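Number of protein chains: 2
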Amino acid sequence: MFQDSSPETIETSMQAAWEAFLIYRKTTLKQRADFMRAIAGEIEKPGDELIQTAMKETNLPEARLRNERARTIFQLNSYASFCESGQWMDVRIDTAIPDKNPPKPDIRKLMVPLGPVVVFGASNFPFAYSTAGGDTACAFAAGCPVIVKAHPAHAQTSEIVAKAIEKAAADCYMPKGIFTHLHGAAAAVGERLVKHPCTKAVGFTGSYAGGKQLFDWGNQRNEPIPVFAEMGSVNPVFLLPGKIKTDVVAVARQCAASITLGVGQFCTNPGIIVGIDNEDLRVFMEALSGEIRIIAPAPMLHPGIYKNYVEKRATALSQNEVTEVAVAEKEAMFNEGTATIAATTAAEFISNHLLQQEVFGPYSIIVKCKDLTEMKAVAEHLEGQLTCTLMADENDILNNSSLVDSLQNKCGRLILNGVPTGVEVCLSMQHGGPFPATTDSRFTSVGGDGIRRFSRPLAFQNWPDELLPEELRNSNPLGIWRTVNNEPTKDAIVLPT
Amino acid sequence: MFQDSSPETIETSMQAAWEAFLIYRKTTLKQRADFMRAIAGEIEKPGDELIQTAMKETNLPEARLRNERARTIFQLNSYASFCESGQWMDVRIDTAIPDKNPPKPDIRKLMVPLGPVVVFGASNFPFAYSTAGGDTACAFAAGCPVIVKAHPAHAQTSEIVAKAIEKAAADCYMPKGIFTHLHGAAAAVGERLVKHPCTKAVGFTGSYAGGKQLFDWGNQRNEPIPVFAEMGSVNPVFLLPGKIKTDVVAVARQCAASITLGVGQFCTNPGIIVGIDNEDLRVFMEALSGEIRIIAPAPMLHPGIYKNYVEKRATALSQNEVTEVAVAEKEAMFNEGTATIAATTAAEFISNHLLQQEVFGPYSIIVKCKDLTEMKAVAEHLEGQLTCTLMADENDILNNSSLVDSLQNKCGRLILNGVPTGVEVCLSMQHGGPFPATTDSRFTSVGGDGIRRFSRPLAFQNWPDELLPEELRNSNPLGIWRTVNNEPTKDAIVLPT
Numbered sequence: 000m001f002q003d004s005s006p007e008t009i010e011t012s013m014q015a016a017w018e019a020f021l022i023y024r025k026t027t028l029k030q031r032a033d034f035m036r037a038i039a040g041e042i043e044k045p046g047d048e049l050i051q052t053a054m055k056e057t058n059l060p061e062a063r064l065r066n067e068r069a070r071t072i073f074q075l076n077s078y079a080s081f082c083e084s085g086q087w088m089d090v091r092i093d094t095a096i097p098d099k100n101p102p103k104p105d106i107r108k109l110m111v112p113l114g115p116v117v118v119f120g121a122s123n124f125p126f127a128y129s130t131a132g133g134d135t136a137c138a139f140a141a142g143c144p145v146i147v148k149a150h151p152a153h154a155q156t157s158e159i160v161a162k163a164i165e166k167a168a169a170d171c172y173m174p175k176g177i178f179t180h181l182h183g184a185a186a187a188v189g190e191r192l193v194k195h196p197c198t199k200a201v202g203f204t205g206s207y208a209g210g211k212q213l214f215d216w217g218n219q220r221n222e223p224i225p226v227f228a229e230m231g232s233v234n235p236v237f238l239l240p241g242k243i244k245t246d247v248v249a250v251a252r253q254c255a256a257s258i259t260l261g262v263g264q265f266c267t268n269p270g271i272i273v274g275i276d277n278e279d280l281r282v283f284m285e286a287l288s289g290e291i292r293i294i295a296p297a298p299m300l301h302p303g304i305y306k307n308y309v310e311k312r313a314t315a316l317s318q319n320e321v322t323e324v325a326v327a328e329k330e331a332m333f334n335e336g337t338a339t340i341a342a343t344t345a346a347e348f349i350s351n352h353l354l355q356q357e358v359f360g361p362y363s364i365i366v367k368c369k370d371l372t373e374m375k376a377v378a379e380h381l382e383g384q385l386t387c388t389l390m391a392d393e394n395d396i397l398n399n400s401s402l403v404d405s406l407q408n409k410c411g412r413l414i415l416n417g418v419p420t421g422v423e424v425c426l427s428m429q430h431g432g433p434f435p436a437t438t439d440s441r442f443t444s445v446g447g448d449g450i451r452r453f454s455r456p457l458a459f460q461n462w463p464d465e466l467l468p469e470e471l472r473n474s475n476p477l478g479i480w481r482t483v484n485n486e487p488t489k490d491a492i493v494l495p496t
Numbered sequence: 000m001f002q003d004s005s006p007e008t009i010e011t012s013m014q015a016a017w018e019a020f021l022i023y024r025k026t027t028l029k030q031r032a033d034f035m036r037a038i039a040g041e042i043e044k045p046g047d048e049l050i051q052t053a054m055k056e057t058n059l060p061e062a063r064l065r066n067e068r069a070r071t072i073f074q075l076n077s078y079a080s081f082c083e084s085g086q087w088m089d090v091r092i093d094t095a096i097p098d099k100n101p102p103k104p105d106i107r108k109l110m111v112p113l114g115p116v117v118v119f120g121a122s123n124f125p126f127a128y129s130t131a132g133g134d135t136a137c138a139f140a141a142g143c144p145v146i147v148k149a150h151p152a153h154a155q156t157s158e159i160v161a162k163a164i165e166k167a168a169a170d171c172y173m174p175k176g177i178f179t180h181l182h183g184a185a186a187a188v189g190e191r192l193v194k195h196p197c198t199k200a201v202g203f204t205g206s207y208a209g210g211k212q213l214f215d216w217g218n219q220r221n222e223p224i225p226v227f228a229e230m231g232s233v234n235p236v237f238l239l240p241g242k243i244k245t246d247v248v249a250v251a252r253q254c255a256a257s258i259t260l261g262v263g264q265f266c267t268n269p270g271i272i273v274g275i276d277n278e279d280l281r282v283f284m285e286a287l288s289g290e291i292r293i294i295a296p297a298p299m300l301h302p303g304i305y306k307n308y309v310e311k312r313a314t315a316l317s318q319n320e321v322t323e324v325a326v327a328e329k330e331a332m333f334n335e336g337t338a339t340i341a342a343t344t345a346a347e348f349i350s351n352h353l354l355q356q357e358v359f360g361p362y363s364i365i366v367k368c369k370d371l372t373e374m375k376a377v378a379e380h381l382e383g384q385l386t387c388t389l390m391a392d393e394n395d396i397l398n399n400s401s402l403v404d405s406l407q408n409k410c411g412r413l414i415l416n417g418v419p420t421g422v423e424v425c426l427s428m429q430h431g432g433p434f435p436a437t438t439d440s441r442f443t444s445v446g447g448d449g450i451r452r453f454s455r456p457l458a459f460q461n462w463p464d465e466l467l468p469e470e471l472r473n474s475n476p477l478g479i480w481r482t483v484n485n486e487p488t489k490d491a492i493v494l495p496t
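Taken in sequence, the protein lines are chains X and Y. Using numbering that gives the first Met the number 0, the letters of the first sequence correspond one by one to residues 0 to 496. Using numbering that gives the first Met the number 0, the letters of the second sequence correspond one by one to residues 0 to 496.
Simulated from the structure, these hints should not be mistaken for lab results. Every value quoted in this text rests on a predicted model; they were computed, and no experiment measured them. Just so you know, not all the hints are guaranteed correct.
Which copy? The list can't say, so a pair holds if one copy fits it or any two copies do.
In silico DSS-like pairs for lysine-lysine, Cα to Cα no more than 27 Å straight-line [to be verified]:
1. 211 with 99
2. 44 with 99
3. 211 with 311
4. 375 with 194
5. 194 with 211
6. 311 with 55
7. 25 with 409
8. 375 with 175
Generate coordinates for the entire structure from the input sequences, incorporating the hints supplied.
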């Protein structure tokens, strides 16, 4: 057990982070990338100790944790490369037009860091969305120091990762205060961190209640700051008639695997399945039920998550017009999540808002629609989502364009004939979505574009070449992509003499 | 006089805007650009009627208004071109890697519109930051319908411009509800608009009190929405020793012209001048005073602005250790703003927060520092700004890097040996800055990048080419810049067969 950080420790840490910011913001892209790669290297070194500690704290199986560590290392390395590419800096250069009336000055813009970023990690990803996870990597790439509040459910794991970051920071001659690891089971620690004047942004992955609280604190400050909170999602899957007629068993299997993957403890877990109430859906439900019944219950992350799952599932199942469709047959031990499928009618789903709230765990509810019109009504009634999925053939898409349009308005990622679980780490990934999936749908927390959350544009007007940051100089010494007089190019700028 | 829009009118308008959104979001980039260009054309047609009406309502001189109309037309046309270029869509494509384990799906991301945008125009820019101004143009480019609440101080001007937009919308077969023009002198109208569930974003240019109120309303909604408020700035100018020694009279003239331009009614008006208290500064103050004394008082935008100017100036001048340095000598008529320069010490400036609040009008305060250390303390004590300016030679910059760094942390645009007034409309422009200059320093309200405020990324995973939006198709039919497998290109994608 770790003691909560005291107000004095928080004060000292934030001051140190600010001092570090004044130095770190001036590092080159290569220095930042090298630091990130060094962290990636250090995370591997504790080897089994890290995996064993995480297994003990999170109940996640060894293979999953090894994969997640590899993913975390990949994230750090790939965001390092993206950082170094300079693309995220969105360099825009407009050269002077002295004979315009009035004369047009030379203006050059790039992204600069916001300042110290406070990161709150996720309980379900002890590596990839925690201490050295995506938020931390993006903040370092942007040029921001990071203060991590360890997740109390895996505080020891977080300690080991923090030590790896500290080692990398020392090896790379990073300023003291570039990274701080604090503990805090009490909400007061989070509140102090978010409200501290030196804090300039917040990254969070977790529950709606937690994320919304941080968002409100961030906005209530004298100087409001951006709080990017990824607060989960129910990730609806729509079964369209053509696809379900021809491929029902395969689709049911895909859904079952996605619902139960990692005991359903993913923010992209499909929590709602929407279909037309006909014979095909009956076959789908039967096939899905067959899969679900044989899933062995498995330990959830911690008793708090388990208790929440049991209670929220019970509440959902007790609602009017909700029936239980299938439950995993093997008896569950304490803390084990039992896969469960419920069903309801579209009319009931639309009238009862509770039914679209996330039940974090291996649970999904089937929403039975009378027809495609009712299916579209369900789509329009949805809250913002990280993902929406269509199980559909080409004709289904062409014949239901208003449904497809409606889903585009609801989510950050629209999947066709796949499952929402499995968030690829790449530039094209959008891991974000309209509220309440996140607090700002204009940003992503996965992929190199996540760096944008922690940076802002700064324009230099009328500066001589030799005094500009190197990203903006005529010769383009870093060889990065820049938009010069409205056209992207890697070329140097040759000014008329 | 126009009556405030009723709650029923607001409700009907917002519903119509939502219906229009469902159609307009599917328009091509070319259709949006054509619509914007048509608006630009229509704004020219009312000719003198528009200029005369604006002159009557705003007291702005004819030449200024003709320039501002030209600027507004240029904005619409240039944002139309940027819209059509597709660059703002930040297209990212990662092609599938089927033999990866697990297989990597094809993912393609572009920007999609947020939904209906409510725009609150500025009193000081009846054209360029009002009804058909930058916010409206950016929202249309992003694919969002616009609801403008006319500024009560130029409601008739706003009506004429609104009619021009409506004519263009009809000519371009835009959906009903694409643009709505409402009136509201009461705050309740603004509150209803910001809090309406169909509103998905807000653009505002004006006072801190107004902008902060809209920001709070936006965040207090059940579904918080982004509110981009540009709330003005005091735009400090730092006089560095080398430059001021060699160029004192020219710098004083530049400052005087910038302080009094448009009766000081610009959000980039330089309201603070920071110098070292020595003989050179005395010469500077004398030269500046000479210029200020001969500036003829001129009518301000409206009596409310005038009253505010007189009161805020009086309050500033009544502060401890604040002295009056120069006042325009010609007697002012009612509603005319009299150019005024005050002075204080750095110690007083740092200890009295009131002295860095904006006095909207032709007013500036000189802050006298004992030395460069105190000058840096002043810089560090500043709130967020749209701009900071350095009057400096190359040695000044090289010898004062920590001051330069400090100013970079405070503003969105850093000007060297120029003046902050004059906001060039181009892609490299950053018109934004840390709070309280704006509510989100990560965005700009001038330049094509302003479109980002009203759009968000949407990723398509595993979609066949023919069902994708054309911006994302392999053949790149629009010929736009896209980042494919991490590299920017205009090339078509050739997939392995």
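Looking back at the numbered hints, which does the structure fail to meet, lowest number first? Violated hint: only 1; rest satisfied.
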